[in-house]
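Enquirer: These are the residues of each chain, in order.
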Amino acid sequence: MNLSQALEIASHTDPGMVRSHNEDSIASIAEKGLVVLADGMGGYNAGEVASGMATTVITTELRQLLEDNEPHEADPKSGQKAALKMLQEQVTKANTSIYQASQSQPQYAGMGTTLVVALFYDNKVMVAHIGDSRMYRMRGDEFSQVTKDHSLLQEQMDAGMLTKEQAKHSANKNLVTRALGIDPTVEAEIHEYDTQPGDVYLLCSDGLSDMVSDEDMGMALQALGANLNLATQQLVQMANDNGGRDNISVILIKILREYPAAQGLASKIFGWFR
Amino acid sequence: MAKLILSMDGLVLKEIVLSKERTTIGRKPHNDIQIDNLAVSGEHAVIVTILADSFLEDLGSTNGTCVNGKTVKKHFLQNNDVIELGKYKLKYISEAVAGATKAADFEKTMILRPGAMRKPPEPQAPAVAASAPPVHTSTMPSGAAAAAAPAPAAASARAHGDTQVGMAAAPAAAPAPAAPVRHAMLQLLSGANAGKEMELVKPLTTLGKPGVQVAVITRRPQGFFITHVEGVSKPSINGTPIEVQAHALNDHDVIELAGVKVEFFYKT
Chain D
25 MNLSQALEIA
35 SHTDPGMVRS
45 HNEDSIASIA
55 EKGLVVLADG
65 MGGYNAGEVA
75 SGMATTVITT
85 ELRQLLEDNE
95 PHEADPKSGQ
105 KAALKMLQEQ
115 VTKANTSIYQ
125 ASQSQPQYAG
135 MGTTLVVALF
145 YDNKVMVAHI
155 GDSRMYRMRG
165 DEFSQVTKDH
175 SLLQEQMDAG
185 MLTKEQAKHS
195 ANKNLVTRAL
205 GIDPTVEAEI
215 HEYDTQPGDV
225 YLLCSDGLSD
235 MVSDEDMGMA
245 LQALGANLNL
255 ATQQLVQMAN
265 DNGGRDNISV
275 ILIKILREYP
285 AAQGLASKIF
295 GWFR
Chain L
2 MAKLILSMDG
12 LVLKEIVLSK
22 ERTTIGRKPH
32 NDIQIDNLAV
42 SGEHAVIVTI
52 LADSFLEDLG
62 STNGTCVNGK
72 TVKKHFLQNN
82 DVIELGKYKL
92 KYISEAVAGA
102 TKAADFEKTM
112 ILRPGAMRKP
122 PEPQAPAVAA
132 SAPPVHTSTM
142 PSGAAAAAAP
152 APAAASARAH
162 GDTQVGMAAA
172 PAAAPAPAAP
182 VRHAMLQLLS
192 GANAGKEMEL
202 VKPLTTLGKP
212 GVQVAVITRR
222 PQGFFITHVE
232 GVSKPSINGT
242 PIEVQAHALN
252 DHDVIELAGV
262 KVEFFYKT
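Going down the list, the sequences are from chains D and L. 25 is the number of the first residue of the first sequence in our numbering; add one for each residue after it. 2 is the number of the first residue of the second sequence in our numbering; add one for each residue after it.
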């Protein structure tokens, strides 16, 4: 099923005002409803290598898998959706590739990356994330964070040591507790949500979420939701105007209309003409 | 590393670096920071430091712990916070200001591996501060604490402290949104609400009718800019339609969109 008519996708990535190179990496396949964002870390150019490997492995592998499989179909034995299995397997594969590269090449030692992947199918979105790259959702007037960071700060907030307001002043913003490619195995946090026409989903690296408040991000989407390209540029510009201390990446996905999975032969044929 | 500056009556007594995960404060000698004064409980408070952040926790002291004049049970310490214990003051200088850590290195995202750091300590059950008699609240500075810091050292420490305060004007954490250069206003020149004024207070202000023609005015450190968002025709400034990219607004520019004229001007 081709989703390029149901989803509008815009993205923008920028090195920011301080860093000389961009260690973020983004990719999207509109017709498959797949978007990937990774924020690499590690010395010299290793961060770029790690994030680049993550997006490449996941997009190429998933493109092939989505050709042959329907993501909404559940496995008869486990009852799990095919999408879940695909995402789990590809995250594992990306992790293994990065881990092995960092083990075999001394210049890549210790490299890793955060990851957020969203796969749209059957009026739903499945999100897998690792680390502090985020997904937000704008539905009507409500702008809210969907993913929960794997970071020291989030753990401290969960433990009740810090409130959200206090967390803005913490000096420990930059520590993630989970990343791709650091250990031989990693577990991505995966959840599925229903989508509605009109929803706008925002994927971003911490270069945006650390520099621009949630309210301002929501305001930008509210004001510029009609022009996604402009909205991505505006978000990046806001982060840069506030200092732009890290690489900034943004992907916006707008749900233009419903995209139910084709059920049975008749609707499959109908699906071709849509 | 973050540090505390202990002072009494404006006289700096001691500087304490928060190098431990738990730094205890109290009257009894086993505390990391001993304040031998009857207004201070035996085990008065503890400062838990997790990497660059420090948390102050009162351990059920008899006379309580004040931060910046407010009594606290638990407090996330910010640069320049003043902790008061009786007549004694402890000023907190955060790592970002006190340390020589380079901002660029510091902000790089890093992985925190399990086991790399010990678990943050569980909040302790309040220690029984039975040892502090509540009757003797009047301070009696003991010779020990006053003599602990020789006068020259105290003077230099204070001078050092002053420089730090000066530096605190540029905080490393919490990116402050760039302040608007000047206050700007819009005034409607035509239509039913002609004459009506509004101030551009938000970072983004949209103009026009959704689905017909929309433009947005963005507030940036460099000034105000107008950008075309949607619609077939683009807004015009002083009669000339703008291009696709953002257009800088000058004082008394007249914006025309969706059949309405609006004047942009800076508030004097």
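Hints were generated in silico from the structure; no laboratory data involved. Careful, some of the hints might be misleading.
[Claimed, not checked] Pairwise CB distance ranges, derived in the manner of DEER restraints:
id: 1; chain 1: L; residue 1: 83; chain 2: D; residue 2: 32; range: 45 to 55 Å
id: 2; chain 1: L; residue 1: 267; chain 2: D; residue 2: 178; range: 37 to 47 Å
id: 3; chain 1: L; residue 1: 189; chain 2: D; residue 2: 246; range: 58 to 68 Å
[Said to hold, decoys possible] The calculated DSBU-like cross-link candidates involving lysine-lysine, where the alpha carbons are at most 35 Å apart (straight line), are:
id: 4; chain 1: D; residue 1: 172; chain 2: D; residue 2: 117
id: 5; chain 1: D; residue 1: 278; chain 2: D; residue 2: 188
id: 6; chain 1: D; residue 1: 172; chain 2: D; residue 2: 148
id: 7; chain 1: L; residue 1: 29; chain 2: L; residue 2: 88
id: 8; chain 1: L; residue 1: 262; chain 2: D; residue 2: 192
id: 9; chain 1: L; residue 1: 262; chain 2: L; residue 2: 235
id: 10; chain 1: D; residue 1: 101; chain 2: D; residue 2: 192
id: 11; chain 1: D; residue 1: 188; chain 2: L; residue 2: 71
id: 12; chain 1: D; residue 1: 188; chain 2: L; residue 2: 235
id: 13; chain 1: L; residue 1: 74; chain 2: D; residue 2: 278
id: 14; chain 1: L; residue 1: 21; chain 2: L; residue 2: 74
id: 15; chain 1: L; residue 1: 268; chain 2: L; residue 2: 210
id: 16; chain 1: L; residue 1: 21; chain 2: D; residue 2: 172
id: 17; chain 1: L; residue 1: 90; chain 2: D; residue 2: 192
id: 18; chain 1: L; residue 1: 21; chain 2: D; residue 2: 192
id: 19; chain 1: D; residue 1: 101; chain 2: D; residue 2: 188
id: 20; chain 1: L; residue 1: 235; chain 2: D; residue 2: 192
id: 21; chain 1: D; residue 1: 172; chain 2: L; residue 2: 71
id: 22; chain 1: L; residue 1: 203; chain 2: D; residue 2: 148
id: 23; chain 1: L; residue 1: 92; chain 2: L; residue 2: 29
Ideal Cβ placement from N, Cα and C applies to all residues, glycine included.
Enquirer: Taking the hints in turn, state whether each one holds.
Expert: Here is what the structure says about each hint:
For the pair residue 83/L and residue 32/D, the supplied restraint of 45 to 55 Å holds, since their beta-carbon distance comes to about 53 Å. Evaluation of the 37 to 47 Å hint for residue 267/L and residue 178/D yields a pass: the beta carbon distance comes to about 42 Å. Checking the proposed 58 to 68 Å range against residue 189/L and residue 246/D shows it is violated: the Cβ atoms sit about 22 Å from each other. Simply put, residue 172/D and residue 117/D have alpha-carbon atoms about 23 Å apart, close enough for the 35 Å limit, and the pair holds.
Between the alpha carbons of residue 278/D and residue 188/D the distance comes to roughly 28 Å, so the proposed pair stays at or under 35 Å and holds. This hinted pair checks out: residue 172/D and residue 148/D have alpha carbons roughly 19 Å apart, not beyond 35 Å. Between residue 29/L and residue 88/L the alpha-carbon distance is near 17 Å, which keeps this suggested pair within the 35 Å criterion. Our distance criterion of 35 Å between C-alpha atoms is broken by residue 262/L and residue 192/D, whose separation comes to about 41 Å.
Taking the CA atoms of residue 262/L and residue 235/L, the gap is near 13 Å; set against the 35 Å cutoff, the hint holds. This hinted pair does not check out: residue 101/D and residue 192/D have alpha carbons roughly 45 Å apart, beyond 35 Å. Between the alpha carbons of residue 188/D and residue 71/L the distance comes to roughly 21 Å, so the proposed pair stays at or under 35 Å and holds. Between the alpha carbons of residue 188/D and residue 235/L the distance comes to roughly 41 Å, so the proposed pair goes past 35 Å and is violated.
As the CA atoms of residue 74/L and residue 278/D are separated by approximately 46 Å, the hinted pair breaks the 35 Å bound. The hinted pair formed by residue 21/L and residue 74/L meets the criterion: a straight-line CA distance of about 21 Å does not exceed 35 Å. A C-alpha spacing of about 26 Å is found between residue 268/L and residue 210/L, which places the hinted pair at or below 35 Å, so the restraint holds. Between residue 21/L and residue 172/D the alpha-carbon distance is near 30 Å, which keeps this suggested pair within the 35 Å criterion.
Annotation: proposed proximity of residue 90/L to residue 192/D holds, straight-line Cα distance about 26 Å (limit 35 Å). Distance restraint check for residue 21/L and residue 192/D: the Cα-Cα separation of roughly 24 Å lies within the 35 Å cut-off, and the hinted pair is therefore satisfied. Distance hint between residue 101/D and residue 188/D is unfulfilled; the C-alpha atoms sit about 42 Å from each other, more than 35 Å. For the suggested pair residue 235/L and residue 192/D, the alpha carbons sit about 39 Å apart, so the restraint of at most 35 Å is broken.
In summary, the hint linking residue 172/D to residue 71/L is supported, as the alpha carbons are separated by about 33 Å, within the 35 Å threshold. Our distance criterion of 35 Å between C-alpha atoms is met by residue 203/L and residue 148/D, whose separation comes to about 34 Å. Simply put, residue 92/L and residue 29/L have alpha-carbon atoms about 21 Å apart, close enough for the 35 Å limit, and the pair holds.
In summary, the structure is inconsistent with hints 3, 8, 10, 12, 13, 19, 20 from the numbered list given earlier, while agreeing with the others.
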